[in-house]
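Line by line, the protein sequences are chains E and B.
Using the working numbering, the first residue of the first sequence is number 7, and each one after it goes up by one.
Using the working numbering, the first residue of the second sequence is number 63, and each one after it goes up by one.
Mixed in with the good hints, there may be bad ones.
[Stated by the list, open to error] Each computed EDC-like pair below joins lysine to aspartate or glutamate, with the alpha-carbon atoms no more than 16 Å apart:
#1 E:K90 <-> E:D101
#2 B:K115 <-> B:E144
#3 E:K13 <-> B:E134
#4 B:K129 <-> B:D75
#5 B:K115 <-> B:E133
#6 E:K96 <-> B:E133
#7 B:K115 <-> B:D75
#8 E:K12 <-> B:E86
#9 E:K109 <-> E:E92
#10 B:K70 <-> B:E146
#11 E:K109 <-> B:E133
#12 B:K101 <-> B:D143
#13 B:K101 <-> B:D75
#14 B:K70 <-> B:E144
#15 B:K129 <-> E:D101
#16 B:K101 <-> B:E144
#17 B:K70 <-> B:D108
#18 E:K13 <-> B:E86
#19 E:K96 <-> B:D108
#20 E:K109 <-> B:E134
#21 E:K96 <-> B:E112
It is worth saying that the hints were derived from the structure and are not from the lab.
Keep in mind that this is a model prediction, so the values were computed, not measured.
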Amino acid sequence: MENYLKKFRFHLRLTGVSAISRRYFVMNAFDGALTALGVIVGAWTSGPVQPRIIIGAGLGVSLAMGISGFSGTYFVERAERLRKLEELEKSLLLDLDNSVHVKAQKTAMIWAALVDALSPSIAAVTAIVPFVFAHYGLISINEAVIISLILILLVLFMIGVYLGKISRERVIISGIRIMIIGIITAAIIILLGNI
Amino acid sequence: MVKSPTIKRVVLDVLKPHQPTIPELASRIVSCNGANRVKISLAEIDQNTESIKVQVEGSNINLETIKTCIEEMGATIHSVDEVEVARKV
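Assemble the whole structure, with the sequences as input and the hints as a guide.
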């Protein structure tokens, strides 16, 4: 197990996929959180909310974002990395098929695709968890909406904190900055919903 | 009893990509069968590649094994610049 982990880390370092994965993670977790926010606030402003519908729509959106993220990123990364390998083969005048580079690039493609698939899905699923409680009558629908919005804002705040850590800025400010985007999005949806 | 000659030291001219790094390549080569000590020095650096001199020392170096280890890391041997062979009596 330790050997696999060591090999996996070596592959990530060799291909430089970590920086790209960080970008994918932030971009797509942000996408997932805002999409869930759109579904929940949009449904809430349109009339009486049924937890079942929010759960169904939320899961559908998560699944679609996951599949789209995985396949899109896998094929984009594959194309880019195959081209890079070919360039390297030309520079070295060597067939790299049996080298660690081919294995490492394959690991990088799958890792980037997984990050791209899981980050929006996890963010969106987190937002619909309160509606599961509402569905079983443990909390009211209005409470579910409020808890869900708080969870989404928390996810956005955490994304901001993570970005702040990467850029070595003040993490709280960075967290609040990203959270404000969520608040503005919710406000616009509410305004449009009331027209 | 006379033992057959064995390679104790080789110096190779190797072309490698920037990744894996020189310490990573050296660690891989030293874990190859027959190698006890590896010294790498950078000769030239290019946009995609690095030319390096790899000195491998060991009790019984198998050049084919070293070649496989180096190629597994995506590098290629350009030439064998020096060889030191000894025969134990």
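These are the hints, each one checked on the structure:
no., hint, in the structure
1, E:K90 <-> E:D101, "13 Å, holds"
2, B:K115 <-> B:E144, "10 Å, holds"
3, E:K13 <-> B:E134, "14 Å, holds"
4, B:K129 <-> B:D75, "11 Å, holds"
5, B:K115 <-> B:E133, "15 Å, holds"
6, E:K96 <-> B:E133, "15 Å, holds"
7, B:K115 <-> B:D75, "5 Å, holds"
8, E:K12 <-> B:E86, "13 Å, holds"
9, E:K109 <-> E:E92, "14 Å, holds"
10, B:K70 <-> B:E146, "6 Å, holds"
11, E:K109 <-> B:E133, "13 Å, holds"
12, B:K101 <-> B:D143, "14 Å, holds"
13, B:K101 <-> B:D75, "12 Å, holds"
14, B:K70 <-> B:E144, "11 Å, holds"
15, B:K129 <-> E:D101, "14 Å, holds"
16, B:K101 <-> B:E144, "14 Å, holds"
17, B:K70 <-> B:D108, "31 Å, violated"
18, E:K13 <-> B:E86, "12 Å, holds"
19, E:K96 <-> B:D108, "13 Å, holds"
20, E:K109 <-> B:E134, "10 Å, holds"
21, E:K96 <-> B:E112, "14 Å, holds"
This entry does not satisfy hint 17, going by the numbered hints stated previously; all others are met.
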